[in-house]
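> Spelled out, the chains give:
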Amino acid sequence: MGCTAQDIIAALKAGAAVVAEHRDELIQLDREIGDADHGENMDRGFRAVIAKIETSEPETPAAALKLAATVLISTVGGASGPLYGTAFLRAASAVGDEAELDASAVAKALQAGMEGVVARGRAEVGDKTMIDALSPAVDAAKNTAESGADSAKVLAAAAEAAHQGAQATEPLVARKGRASYLGERSAGHIDPGARSTALLLTAFAEAAGARA
Amino acid sequence: MGCTAQDIIAALKAGAAVVAEHRDELIQLDREIGDADHGENMDRGFRAVIAKIETSEPETPAAALKLAATVLISTVGGASGPLYGTAFLRAASAVGDEAELDASAVAKALQAGMEGVVARGRAEVGDKTMIDALSPAVDAAKNTAESGADSAKVLAAAAEAAHQGAQATEPLVARKGRASYLGERSAGHIDPGARSTALLLTAFAEAAGARA
Amino acid sequence: MKKIINEPADVVAEALRGVAAAHPELLRVQTDPAVIVRADAPVTGKVAVVSGGGSGHEPLHGGFVGSGMLAAAVPGAVFTSPTPDAVQAAITATHGGAGALLVVKNYTGDVLNFETAAELAAMEDVDVRSVIVDDDVAVKDSTHTAGRRGVGGTLMVEKIVGAAAERGASLDECEALARKVVSQVRSMGMALTAPTVPHAGQPSFELAPDEMEIGIGIHGEPGRARVPMGTADEIVAQLLDPILEDLPFAEGDDVLLFTNSMGGTPQLELYLAHGVAERLLAERGITVRRRLVGPYVTSLEMQGMSLTLLKLDDELTELWDAPVHTAALHW
Amino acid sequence: MKKIINEPADVVAEALRGVAAAHPELLRVQTDPAVIVRADAPVTGKVAVVSGGGSGHEPLHGGFVGSGMLAAAVPGAVFTSPTPDAVQAAITATHGGAGALLVVKNYTGDVLNFETAAELAAMEDVDVRSVIVDDDVAVKDSTHTAGRRGVGGTLMVEKIVGAAAERGASLDECEALARKVVSQVRSMGMALTAPTVPHAGQPSFELAPDEMEIGIGIHGEPGRARVPMGTADEIVAQLLDPILEDLPFAEGDDVLLFTNSMGGTPQLELYLAHGVAERLLAERGITVRRRLVGPYVTSLEMQGMSLTLLKLDDELTELWDAPVHTAALHW
Ligand SMILES: Nc1ncnc2c1ncn2[C@@H]1O[C@H](COP(=O)(O)OP(=O)(O)O)[C@@H](O)[C@H]1O
Ligand SMILES: Nc1ncnc2c1ncn2[C@@H]1O[C@H](COP(=O)(O)OP(=O)(O)O)[C@@H](O)[C@H]1O
Ligand SMILES: [Mg+2]
Ligand SMILES: [Mg+2]
Ligand SMILES: [Mg+2]
Ligand SMILES: [Mg+2]
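Residue numbers (the UniProt record's numbering), protein chains in the order written: chain W, 1 to 212; chain L, 1 to 212; chain C, 1 to 331; chain U, 1 to 331.
There may be inaccurate statements among the hints.
Covered stretches of chain U (in silico footprint by chain W; criterion: 3 or more residues with CB under 8 Å from a CB of chain W, positions within the stretch not fixed) [claimed, not checked]: (1) 74–85; (2) 235–248.
Here are the simulated distance ranges between beta carbons [unchecked claim]: (3) U:P209 <-> W:D24: 56 to 62 Å; (4) U:P323 <-> C:E283: 35 to 41 Å; (5) L:R47 <-> W:D24: 52 to 58 Å; (6) U:E211 <-> C:D321: 46 to 52 Å; (7) W:E98 <-> U:E315: 30 to 36 Å; (8) L:A20 <-> W:E184: 43 to 49 Å; (9) L:R122 <-> C:A39: 36 to 42 Å; (10) W:N143 <-> U:S170: 36 to 42 Å.
Some but not every residue of chain C turned toward chain L, in silico, with C-beta under 8 Å [claimed, not checked]: (11) N6; (12) A77; (13) S81; (14) T108; (15) N113; (16) E124; (17) R149; (18) V197; (19) H199; (20) A200; (21) E245; (22) H325.
These aren't lab readings, by the way, just hints derived from the structure by calculation. Even glycine gets a Cβ: it sits at the ideal position worked out from N, Cα and C.
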């Protein structure tokens with residue numbers, strides 16, 4: 001059973017819910033090593049995505065992903081807006097005009113998304129950014145897809161890896177984004193973007209799992 | 001034994017000392033119902049008086065009082081500067097060019113000082129100002145002088161009355177000065193100017209008593 | 001106390017050194033006593049408009065020294081009105097034979113010290129007049145009290161009379177004009193936090209996180225009432241209503257709206273409040289013809305705002321628009 | 001949190017209403033997306049200098065919209081860079097056929113969003129260039145990091161390039177000039193208190209009563225180091241020394257000294273600090289030819305200051321002096 005436009009819409013709604021729920025936590029993480037807006041930015045963006053989806057009903061996975069991308073780009077702002085926006089845009093391109101995505105297409109979409117973030121933000125693993133959650137998530141997704149699992153399992157594996165990756169940002173000294181201005185003082189805090197990536201992937205996985 | 005220029009200088013020095021000692025208390029009183037500068041203003045002024053006295057050595061009581069007046073006027077500022085300045089100026093006029101002041105001259109000088117404050121500030125007893133300390137002090141000084149006491153006793157009586165008068169400003173609602181802006185909220189606090197008047201008179205009385 | 005200062009007692013003198021260094025083309029600073037004087041003073045044949053008061057309200061008054069506004073500003077210690085000799089020195093340095101007009105905020109200290117200075121100047125044959133500004137509607141006026149404070153309206157008087165003096169208006173005309181502005185201007189302020197006077201070392205009052213002071217002055221003296229924190233819409237209405245009732249301002253009036261920061265309020269909030277005030281005035285049929293938004297009459301780092309409304313006619317509008325060339329107002 | 005606001009989410013939109021109401025002769029405000037545009041835009045044949053960024057730094061950038069400076073300012077949410085569609089809308093509304101120059105502060109978010117906007121505008125055949133301002137010497141520069149922040153120097157770029165654009169300089173010339181200013185300007189800031197972002201509801205960091213943040217940015221992000229509170233003399237030296245070493249500035253240099261308040265610092269303290277900076281520069285044989293003192297590049301209500309030094313030559317001096325007619329700078 002593949003992943004349809006409806007499934008992606010459900011995943012985006014789950015993502016919006018988890019972001020709303022964790023808005024204050026993300027603000028707090030960003031307050032510690034950034035400028036205290038990540039939760040607000042993400043919440044504003046995902047609310048707008050949901051509002052748009054209600055009215056425009058995208059019919060393919062790519063259309064749903066592209067809609068999310070454009071809305072995020074035009075409502076989030078900050079660093080995370082263009083980065084998440086690009087991720088969804090690249091994911092949309094990667095899935096072509098398929099009506100249903102299989103597990104390997106999901107893994108590829110994730111990888112394309114991550115490559116988009118790298119292309120724009122030029123962060124490497126260990127720089128204490130969302131890449132530290134995305135990169136292990138992509139690896140886990142690919143491995144799981146290769147092992148023949150379904151897309152819900154692929155996303156679950158990705159989410160699990162993203163959580164570990166986010167957690168692992170805590171001791172790091174930031175080299176990208178706003179936290180880098182803190183130098184050594186950025187160590188000892190989880191990166192807010194890595195945390196939001198992990199939260200989103202968990203929500204996507206749960207939405208997929210609920211359907212599975 | 002009368003009150004000479006030297007005695008007035010000694011009294012001013014004692015006044016400067018008591019003002020310095022109570023600087024923070026006067027700031028605190030003024031902070032509660034004013035603008036937190038009375039202690040600073042008085043301290044700045046009396047320091048300047050002492051500095052000036054060291055170099056110019058006034059030779060009559062009037063000269064000493066006039067010196068204090070002009071220095072206070074040009075260094076204190078605020079409401080208390082012109083008021084105390086005028087008080088000393090009028091006291092200087094009242095004592096003429098006598099070399100020594102007897103008890104009744106001291107009482108008259110005090111009265112002239114108070115009249116100067118009233119002439120400039122137009123406060124009445126009960127308005128919650130330095131007049132609430134000065135007015136009973138003048139009455140007590142007059143009565144004591146009439147009873148034949150010496151100038152130290154006159155000042156002691158004045159100081160005692162001033163203290164009671166200052167204390168009695170606590171429940172009053174201010175009608176003059178900065179505290180009047182507070183309306184009813186000015187009640188429950190001692191007026192800083194009444195307090196400084198009481199402190200100064202005590203210092204003057206003690207200086208006179210030490211000599212007696 | 002956290003401040004960018006050296007010794008508390010030296011704050012004003014050191015700040016004046018910075019003022020002198022920053023604006024050599026506009027003004028010069030005299031010391032002992034401290035006076036800020038416009039660079040080209042005395043201007044022969046023109047009335048010298050002189051103001052001053054305690055420091056801590058910057059840019060009032062030093063920021064308004066220059067052509068088209070003040071001839072001199074006399075800065076006292078923080079929140080302490082200056083002494084007569086300083087005011088007199090300002091008059092002496094700036095009067096150009098046409099007399100001097102003292103713009104005095106209505107505080108006992110300012111009134112008494114400027115009054116004495118005027119007497120001293122008169123003894124030197126300078127024609128000096130004083131105008132008392134008392135625009136703060138938060139204070140109930142009465143002949144038995146010190147009366148209303150001078151706050152934001154002071155700037156209006158200084159700008160408009162300064163413009164008239166620059167054009168060569170006589171001392172009589174300047175005095176009459178000043179009284180006219182005073183009669184047509186009203187203000188009211190509020191605070192979210194207290195200022196800290198350097199020599200006092202601690203905030204002038206304490207406010208709970210859910211409280212604000214309404215009817216506050218500009219010296220850290222507590223306001224008329226402590227009330228629960230409101231929204232911007234509520235705050236602006238609480239300031240505007242008593243102003244409108246007082247003059248009163250009426251439908252059809254043209255006004256200048258001055259939305260003033262008490263010092264520590266972000267511009268974002270100030271403009272937000274200004275927008276609310278413009279809306280409320282439009283709803284009442286009052287036309288805002290001119291506006292000024294910014295921290296102009298402040299109380300050190302105090303957060304809060306005040307509104308000032310000046311009823312305009314052609315004369316006042318034209319004088320408001322006249323060129324001004326000072327550190328804080330420039331057009 | 002105590003603020004003069006209604007709903008935190010509406011702060012920027014409501015503040016913009018106030019800006020529009022306050023300055024009808026200078027600018028107009030477009031909504032959805034929010035853009036502040038100079039009143040006479042588009043000015044045919046002239047380069048449109050466009051800037052923007054998160055709100056909360058006012059008067060940067062909206063206060064600099066007008067003739068001789070910015071064609072448009074794009075305000076994001078508080079401390080959040082604006083989205084590409086908003087930047088694109090600003091370009092569309094202001095470009096007069098001679099292209100647009102984007103002045104971008106070096107933050108990942110600003111760089112990415114403006115970059116995308118430039119791509120979008122290029123697709124509509126508008127010649128768009130971007131210049132990144134990264135003047136903050138508090139941040140160690142490195143190709144592996146996000147690099148230095150853009151802070152006070154941004155104002156210098158906007159004023160000087162705005163003056164050139166007003167005179168009809170080409171896009172190439174404007175771009176080269178902007179890069180020249182960036183190469184010659186350096187800044188460093190410090191804070192005594194933290195700002196409170198409306199949607200966050202609490203101060204961005206906590207500082208003990210005897211501590212200050214040195215090397216602070218303008219977004220409430222903590223600074224480079226937390227150090228014991230110093231005197232004004234010490235603070236100014238701590239800001240000035242790294243600036244002087246960095247370019248480096250040398251004896252005999254002519255400079256513009258910009259003493260900036262972070263928002264909540266009283267003008268009295270700011271001028272005091274400015275005086276100290278002038279003295280220290282004079283001691284080093286560096287001549288201050290121009291100065292700017294005030295709250296221009298702020299971080300909401302944060303108390304603190306920054307110093308910006310621009311190395312001047314005749315070209316830059318003349319463009320700095322050129323007329324400017326905006327809400328916050330006017331001469
Ligand atoms: N160059 C980059 N590459 C990847 N991710 C980045 C980069 N810069 C910042 N980020 C991510 O963006 C997050 C911050 O997003 P947000 O707070 O919304 O924007 P801003 O930093 O502009 O305030 C960081 O926690 C980090 O994960
Ligand atoms: N009109 C007045 N008549 C008599 N005393 C007054 C009057 N106004 C103020 N004062 C006295 O002055 C004191 C305040 O002095 P100070 O704090 O030095 O000046 P300011 O009020 O200008 O800050 C008050 O406590 C009060 O006693
Ligand atoms: Mg952030
Ligand atoms: Mg006082
Ligand atoms: Mg005072
Ligand atoms: Mg941000």
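> Which hints from the list above does the structure break, by number from lowest to highest?
2, 3, 7, 10, 11, 16, 21 and 22
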